[in-house]
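Make the full structure from the sequences, and use the hints.
Listed here are the chains, written in short residue letters.
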Amino acid sequence: DAKTTQPNSMESNEEEPVHLPCNHSTISGTDYIHWYRQLPSQGPEYVIHGLTSNVNNRMASLAIAEDRKSSTLILHRATLRDAAVYYCILRDGFPTGGFKTIFGAGTRLFVKA
Amino acid sequence: GAGVSQSPSNKVTEKGKDVELRCDPISGHTALYWYRQRLGQGLEFLIYFQGNSAPDKSGLPSDRFSAERTGESVSTLTIQRTQQEDSAVYLCASSRQGVNEKLFFGSGTQLSVL
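Heads up: the sequence lines are chains F and P, in that order.
For the first sequence, this note's numbering gives the first residue as 1, with consecutive numbering after it.
For the second sequence, this note's numbering gives the first residue as 114, with consecutive numbering after it.
What the hints contain is simulated information worked out from the structure, not anything from laboratory work.
All of these numbers come straight from a predicted model, not from anything done at the bench.
The beta-carbon is built from N, C-alpha and C at its ideal position, and this holds for glycine as well.
Watch out, some of these pointers could steer you wrong.
Which residues of chain F face chain P? A partial, calculated answer using Cβ under 8 angstroms [said to hold, decoys possible]:
hint, residue
1, Y32
2, Q42
3, G43
4, P44
5, E45
6, Y46
7, A78
8, T101
9, I102
10, F103
11, G104
12, A105
Pairs of lysine-lysine, DSSO-like flavour, derived with a Cα cap of 27 angstroms [unchecked claim]:
hint, chain 1, residue 1, chain 2, residue 2
13, F, K69, P, K215
14, P, K215, F, K3
15, F, K3, F, K69
16, F, K3, P, K170
17, P, K170, P, K130
18, P, K215, P, K170
19, P, K170, P, K128
20, P, K170, P, K124
Away from chain P, derived, C-beta distances all over 10 angstroms, residues of chain F [unchecked claim]:
hint, residue
21, M10
22, P21
23, T26
24, T52
25, S53
26, N56
27, S61
28, A65
29, E66
30, D67
31, K69
32, I74
33, L80
34, V85
35, G106
What follows is the structure, given as structure tokens:
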């Protein structure tokens, strides 16, 4: 399974943008990049995903490097409610990949008021 | 149902007893996943069901762990002869088939083995 590497923790000030990095140097051509976040005492929730092009939705933006070996999740204005563990994962789009979906340790984001 | 439902939400058991955890996926979701999350750690993949295909059991940590799913409905995760190291939150997720599909997670079962 292709692996991702994320910093253990990051800190941000409220109302400021946050850039959460993820390295996936062994990504294959059929792997999709997904981001989930886990708020305290809850199950993870979907944030965003993409393949090659940058993506935007109401929660965040995803910037994917041209060689696809890294990506960045961008929260445009962090709020206290964004304090969570953010997981960057790869899902294999090739049919035999089976969509097993492996999570790493994630990045714990602290947001200061 | 609105989302993925897991029961019980909390389970306290004695070492050596068997436990059964239940997951009700979202209707129409053919894929179902079980994960284990120890305190302060990330999600550890256990098992994955996709429709009527053979499940991917590669994450089950020992033969004390097993899971079943009937068709595209309820799944049960069974842990036999529980050990203290089995204490964790067990999370279930479901999704439609496809790599673009989102995983929807339940709130988990907190298992405590005394």
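Checked hints:
| no. | hint | verdict |
| --- | --- | --- |
| 1 | Y32 | holds (5 angstroms) |
| 2 | Q42 | holds (6 angstroms) |
| 3 | G43 | holds (3 angstroms) |
| 4 | P44 | holds (5 angstroms) |
| 5 | E45 | holds (7 angstroms) |
| 6 | Y46 | holds (4 angstroms) |
| 7 | A78 | violated (22 angstroms) |
| 8 | T101 | holds (6 angstroms) |
| 9 | I102 | holds (5 angstroms) |
| 10 | F103 | holds (4 angstroms) |
| 11 | G104 | holds (6 angstroms) |
| 12 | A105 | holds (4 angstroms) |
| 13 | F/K69 to P/K215 | holds (22 angstroms) |
| 14 | P/K215 to F/K3 | holds (19 angstroms) |
| 15 | F/K3 to F/K69 | holds (11 angstroms) |
| 16 | F/K3 to P/K170 | holds (19 angstroms) |
| 17 | P/K170 to P/K130 | holds (22 angstroms) |
| 18 | P/K215 to P/K170 | holds (21 angstroms) |
| 19 | P/K170 to P/K128 | holds (24 angstroms) |
| 20 | P/K170 to P/K124 | holds (23 angstroms) |
| 21 | M10 | holds (16 angstroms) |
| 22 | P21 | holds (17 angstroms) |
| 23 | T26 | holds (17 angstroms) |
| 24 | T52 | holds (13 angstroms) |
| 25 | S53 | holds (13 angstroms) |
| 26 | N56 | holds (16 angstroms) |
| 27 | S61 | holds (17 angstroms) |
| 28 | A65 | holds (20 angstroms) |
| 29 | E66 | holds (21 angstroms) |
| 30 | D67 | holds (20 angstroms) |
| 31 | K69 | holds (19 angstroms) |
| 32 | I74 | holds (19 angstroms) |
| 33 | L80 | holds (21 angstroms) |
| 34 | V85 | violated (8 angstroms) |
| 35 | G106 | violated (6 angstroms) |
Consistency with the previously given hints fails for numbers 7, 34, 35, ordered from lowest to highest.
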